[in-house]
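Asks: Based on the provided sequences and hints, a complete structural model is requested.
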Amino acid sequence: MIRYYLEFEKPIEELELKIEELRRISNGKDIDISSEIKKLEKKVRDIRSEIFSTLTPWQKTLIARHPDRPYTLDYINLITDDFIELHGDRRFSDDKAIVGGLAKINNITVVIIGHQKGRGTKERIQRNFGQPHPEGYRKALRLMKLAERFKRPIITFIDTPGAYPGIGAEERGQAEAIAVNLMEMSRIRTPIISIVIGEGGSGGALALGVADRIFMLEYSIYSVISPEGCAAILWKKNGDLSYEDFSRAASALRLTAQDLISFKIIDGIIPEPLGGAHRDPEWMAKKILENILTAVEELKTKTPGKLIEERYRRLRRTGSFEEMK
Amino acid sequence: MAWFKKTKETKTDKKVKTQEGLWVKCDSCKEIIYKKEIDRNLKVCPKCNYHFRIRARDRLKLLIDEGSATELDSDLMSGDPLDFKDITPYKERLKENQKKSGLHESAISVDALIEGHAVSLVIMDFSFMGGSMGSVVGEKVSRAAEQALEKKQPLIIVSSSGGARMQEGIFSLMQMAKTSAAIGRLKDNGIPYISVLCDPTFGGVTASFAMLGDIIIAEPKSLIGFAGPRVIEQTIKQQLPEDFQRAEFLLEHGLIDIVVNRKDLKRTLARLIEFLS
Numbered sequence: 001m002i003r004y005y006l007e008f009e010k011p012i013e014e015l016e017l018k019i020e021e022l023r024r025i026s027n028g029k030d031i032d033i034s035s036e037i038k039k040l041e042k043k044v045r046d047i048r049s050e051i052f053s054t055l056t057p058w059q060k061t062l063i064a065r066h067p068d069r070p071y072t073l074d075y076i077n078l079i080t081d082d083f084i085e086l087h088g089d090r091r092f093s094d095d096k097a098i099v100g101g102l103a104k105i106n107n108i109t110v111v112i113i114g115h116q117k118g119r120g121t122k123e124r125i126q127r128n129f130g131q132p133h134p135e136g137y138r139k140a141l142r143l144m145k146l147a148e149r150f151k152r153p154i155i156t157f158i159d160t161p162g163a164y165p166g167i168g169a170e171e172r173g174q175a176e177a178i179a180v181n182l183m184e185m186s187r188i189r190t191p192i193i194s195i196v197i198g199e200g201g202s203g204g205a206l207a208l209g210v211a212d213r214i215f216m217l218e219y220s221i222y223s224v225i226s227p228e229g230c231a232a233i234l235w236k237k238n239g240d241l242s243y244e245d246f247s248r249a250a251s252a253l254r255l256t257a258q259d260l261i262s263f264k265i266i267d268g269i270i271p272e273p274l275g276g277a278h279r280d281p282e283w284m285a286k287k288i289l290e291n292i293l294t295a296v297e298e299l300k301t302k303t304p305g306k307l308i309e310e311r312y313r314r315l316r317r318t319g320s321f322e323e324m325k
Numbered sequence: 001m002a003w004f005k006k007t008k009e010t011k012t013d014k015k016v017k018t019q020e021g022l023w024v025k026c027d028s029c030k031e032i033i034y035k036k037e038i039d040r041n042l043k044v045c046p047k048c049n050y051h052f053r054i055r056a057r058d059r060l061k062l063l064i065d066e067g068s069a070t071e072l073d074s075d076l077m078s079g080d081p082l083d084f085k086d087i088t089p090y091k092e093r094l095k096e097n098q099k100k101s102g103l104h105e106s107a108i109s110v111d112a113l114i115e116g117h118a119v120s121l122v123i124m125d126f127s128f129m130g131g132s133m134g135s136v137v138g139e140k141v142s143r144a145a146e147q148a149l150e151k152k153q154p155l156i157i158v159s160s161s162g163g164a165r166m167q168e169g170i171f172s173l174m175q176m177a178k179t180s181a182a183i184g185r186l187k188d189n190g191i192p193y194i195s196v197l198c199d200p201t202f203g204g205v206t207a208s209f210a211m212l213g214d215i216i217i218a219e220p221k222s223l224i225g226f227a228g229p230r231v232i233e234q235t236i237k238q239q240l241p242e243d244f245q246r247a248e249f250l251l252e253h254g255l256i257d258i259v260v261n262r263k264d265l266k267r268t269l270a271r272l273i274e275f276l277s
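From first to last, the protein sequence lines stand for chains A and B. For what it's worth, the numbering used here labels the leading residue of the first sequence as 1, then goes sequentially. For what it's worth, the numbering used here labels the leading residue of the second sequence as 1, then goes sequentially.
Don't read these hints as lab results, they were simulated from the structure. Just to be clear, a hint being listed does not mean it is correct.
[As the list claims (entries may be wrong)] Listed next, the in silico PhoX-like pairs over lysine-lysine satisfying Cα-Cα at most 20 Å (straight line): (1) B:LYS187 - A:LYS306; (2) B:LYS187 - A:LYS145; (3) A:LYS104 - A:LYS151; (4) A:LYS236 - B:LYS85; (5) B:LYS47 - B:LYS35; (6) A:LYS122 - A:LYS96.
Replies: Quick look at the structure:
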């Protein structure tokens with residue numbers, strides 16, 4: 001299997017390649033080098049633990065965007081017993097950057113909606129790199145309304161660089177589509193649980209993220225602007241920006257799951273396997289499912305009125321200001 | 001245009017200063033116009049009807065019955081939740097903008113009368129950090145909506161903003177959801193909300209309360225959108241059409257209700273309030 005290693009994972013890559021080579025050499029031959037391999041494997045684990053215990057916000061951003069990272073449909077495949085994808089906004093088209101449908105998890109019917117990035121060039125283009133158009137948000141809202149009518153909980157997976165900035169998107173009301181979702185999600189009479197599984201890119205992410213419970217995977221990010229966008233505004237070097245600039249911006253923005261829980265914006269962090277979710281998608285999916293089930297269980301006792309009131313209070317509390325009286 | 005370039009090159013800082021205050025170049029038609037003429041015309045270009053950006057307090061005077069305003073929440077001051085430092089720390093940047101603009105924040109909130117009708121009115125000021133929305137703007141808008149609901153009076157928000165304020169990070173982003181939720185409560189209770197979009201309105205402000213009006217009005221030629229034109233150009237690597245994201249373009253695409261001249265705005269708001277209440 002060809003793995004994709006990030007720059008700061010190079011020491012891991014070297015060792016893992018060496019292990020693979022040793023295995024190949026020893027394969028079918030009498031020489032026993034299993035103890036050698038074991039030693040190396042322990043070394044890899046140690047190095048990985050060390051690297052992953054001191055990740056910078058920028059490095060977490062890179063993991064959140066890792067090309068091998070599981071996406072919404074991967075998790076849907078792993079956590080649902082049954083799933084039917086539903087398409088289209090009934091107005092313009094079917095936006096493939098957002099997927100959604102009816103699903104069964106542990107015998108509970110839920111509506112699952114999420115941003116969907118593509119794997120491989122062809123699918124990436126088809127999914128527009130997970131950047132929705134207005135019709136994507138309108139499809140999402142249509143499915144949420146469906147869940148509301150049939151009194152089913154809504155699960156949303158957030159993973160987008162942002163809403164697409166293009167001519168068609170503007171012509172068809174990108175801003176309006178997002179705004180309407182924010183308003184309507186605050187009033188949906190059924191539980192909403194959101195999980196940031198990768199990139200939470202600004203308004204395009206939030207448009208699926210007004211919820212009763214919000215979780216983030218350990219190495220996911222959630223921010224008002226990308227580190228690249230922030231660096232471009234702050235240091236205005238026009239294309240001359242370096243990784244150091246992005247790294248500085250990522251730190252300044254406080255965009256990690258750990259930051260957001262300290263701000264009390266989210267309810268919990270779902271730990272990832274060592275090396276990131278892509279290292280063990282099954283394990284990751286199991287953890288996600290556990291969190292969803294606990295939240296569904298907890299929220300199902302609340303009346304729609306109480307649910308909406310608490311959701312409103314939660315939003316009303318967010319802000320950092322003083323009243324100078 | 002050769003002569004035009006030349007004069008630009010030979011202009012020194014001093015010359016600009018002596019001319020400042022007397023002559024203004026229109027952002028839209030590039031005509032040089034006598035400033036007093038523009039001021040007399042409510043800061044609207046007499047040649048092309050471009051509506052210059054105006055300060056929140058000047059806008060207030062144009063919209064309400066004289067002496068009817070009570071300012072609300074003027075004592076709200078932004079925190080610095082990220083401890084954000086770029087070239088200047090966020091706290092200093094706020095102070096600079098407060099000094100420069102005479103405002104505490106990029107929006108003012110008032111209780112006032114428009115042709116005798118009581119309204120909750122929020123006006124944004126682009127000259128304060130690009131009219132950006134942080135926690136204070138979010139709170140002012142939300143409180144204004146709640147107050148409108150309580151007093152059963154229309155809410156009017158005049159927007160002019162670059163979007164969510166980067167320096168407050170995720171807190172700014174969450175103001176989008178907070179304000180939209182507050183507007184949502186008006187919809188359930190038949191309280192009219194009129195949104196007025198002015199040059200420019202973008203990003204997190206457009207993608208929240210600004211596009212949620214029961215009625216959405218824009219001033220002529222205002223630039224309004226989700227993504228800024230430069231970002232779009234860089235993404236699609238094409239030049240954008242001349243009228244792209246102008247108020248008239250939005251009207252053409254069915255995104256707003258009416259384009260209204262500044263001189264007619266107060267009367268239009270009063271008529272709409274009469275229709276809806």
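Asks: State for each hint whether it applies.
Replies: Tested hints:
Of the supplied pair hints, the one linking B:LYS187 and A:LYS306 holds, its CA atoms being roughly 19 Å apart against a limit of 20 Å. Taken as a hint, the B:LYS187 and A:LYS145 pair is honoured in the structure, with Cα atoms around 17 Å apart against an allowance of 20 Å. With a C-alpha separation of about 14 Å, the suggested pairing of A:LYS104 with A:LYS151 holds against the 20 Å cut-off. For the hint linking A:LYS236 to B:LYS85, the alpha-carbon distance of about 15 Å falls within 20 Å, and the restraint holds.
Distance check on the hinted pair: B:LYS47 and B:LYS35 sit about 13 Å apart at the alpha-carbon level, within 20 Å; holds. For the hint linking A:LYS122 to A:LYS96, the alpha-carbon distance of about 13 Å falls within 20 Å, and the restraint holds.
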